[in-house]
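Participant: Taken in sequence, the protein lines are chains A and B. Using our numbering, read the first sequence as starting at 1 and increasing by one per residue. Using our numbering, read the second sequence as starting at 1 and increasing by one per residue.
Keep in mind that the hints were calculated from the coordinates and are not lab data. Cβ atoms here follow ideal geometry from the backbone N, Cα and C, with glycine treated the same way. Fair warning: there could be bad hints in the mix.
Here are a few chain A residues that face chain B, going by a calculated C-beta distance under 8 angstroms [to be verified]:
#, residue
1, Phe23
2, Ser44
3, Asp48
Protein chains: 2
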Amino acid sequence: MPLTQTAPAPADIERAIRNIPDFPKAGIQFKDITPVLADARLFSGCIDLLTEHFKPGMVDAVVGIDARGFIFAAAAAIKLQAGFVPVRKKGKLPYQTHEEEYELEYGTDRVEIHEDAVRKGENVIVVDDLIATGGTAFAALKLLERAGGRVVGCCFVIDLPDLGGADKIRALGKEVTTLVTFGGH
Amino acid sequence: MPLTQTAPAPADIERAIRNIPDFPKAGIQFKDITPVLADARLFSGCIDLLTEHFKPGMVDAVVGIDARGFIFAAAAAIKLQAGFVPVRKKGKLPYQTHEEEYELEYGTDRVEIHEDAVRKGENVIVVDDLIATGGTAFAALKLLERAGGRVVGCCFVIDLPDLGGADKIRALGKEVTTLVTFGGH
């Protein structure tokens with residue numbers, strides 16, 4: 001990859017996202033980010049855009065949400081010279097955890113964080129591939145509060161603004177960065 | 001993180017790995033890598049050691065295995081200026097896939113890769129947190145063969161040599177890098 005390549009813009013990332021109708025079920029337009037990941041320039045550029053409000057040293061840890069969030073969050077942690085902290089679905093983390101419930105379309109699910117995942121007062125950012133209703137992101141924020149972390153930003157590649165999650169997180173006073181928007185507004 | 005910090009050695013990574021007895025079930029000594037991830041210096045150094053045989057430009061894509069493998073593989077992709085390709089548990093990838101079965105202690109499971117995940121002849125490396133019997137790694141190698149990728153290396157943070165997976169992959173003529181060994185030899 002020659003260093004003279006220009007950095008991608010959000011529009012380049014948007015063009016690479018593939019729409020998959022009716023996945024995982026009828027009526028859902030699934031946003032497939034794997035073509036962004038497979039392209040070294042787009043993947044790296046996407047992480048740069050996602051974290052452009054932060055400089056190395058400003059963030060102690062990047063929190064990634066199981067499982068696609070791990071990809072973007074781990075990449076961001078390397079770029080920001082930060083640690084990486086997983087928020088996982090219930091039952092996956094082996095040590096003592098805090099646990100939060102969040103709502104699904106039908107029913108609820110649970111996510112966990114290790115009790116010792118962050119040190120008190122550490123600056124963290126939450127990274128995920130997509131924000132819709134914000135259920136898992138909200139649960140992650142609550143988990144980080146309980147673990148003692150200070151959330152200084154939330155970064156999502158894709159925003160579905162019709163579902164209101166990003167606005168709800170902004171209403172908490174949190175900085176939210178999104179790169180690509182589908183539907184709405 | 002001051003630049004004068006020395007790079008970690010495999011022994012530093014080994015010391016940070018936490019043993020969790022009887023997880024996820026009685027008799028299993030689970031190797032918890034989250035303390036490595038949470039430490040910016042260890043996480044970054046771990047990726048450098050894992051990929052030290054490769055230079056940016058030598059690898060087109062880093063293949064990560066669902067879900068902990070995503071963390072190390074995405075970080076390696078950024079360091080090597082490569083793309084990232086996920087191998088996922090069945091039903092998670094939205095586009096057309098190749099599928100491979102692998103054996104569990106009791107029964108079998110399936111992993112998938114998108115049919116267009118790599119271009120024919122691309123150089124790829126497979127990255128995961130741990131190799132035990134090598135079941136998922138083998139399935140990933142078969143998937144990459146079907147997708148047309150050329151696997152130039154397999155990198156695992158932890159090797160459990162008693163279970164033979166790393167040796168079986170070496171017997172295929174593949175370069176295998178592991179950083180930390182538990183049990184055996």
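Participant: Take the hints in turn and mark each one as holding or not.
Facilitator: Cross-check of the supplied hints:
For Phe23(A), the interface hint holds, since its Cβ comes within 8 angstroms of a Cβ in chain B; the closest pair sits about 4 angstroms apart. With 8 angstroms as the threshold, the beta carbon of Ser44(A) comes within range of chain B, its nearest partner Cβ sitting at about 6 angstroms, so the hint holds. Look at Asp48(A): its Cβ only gets to about 10 angstroms from chain B, farther than 8 angstroms, so that hint breaks.
In this structure, the one hint that does not hold is number 3.
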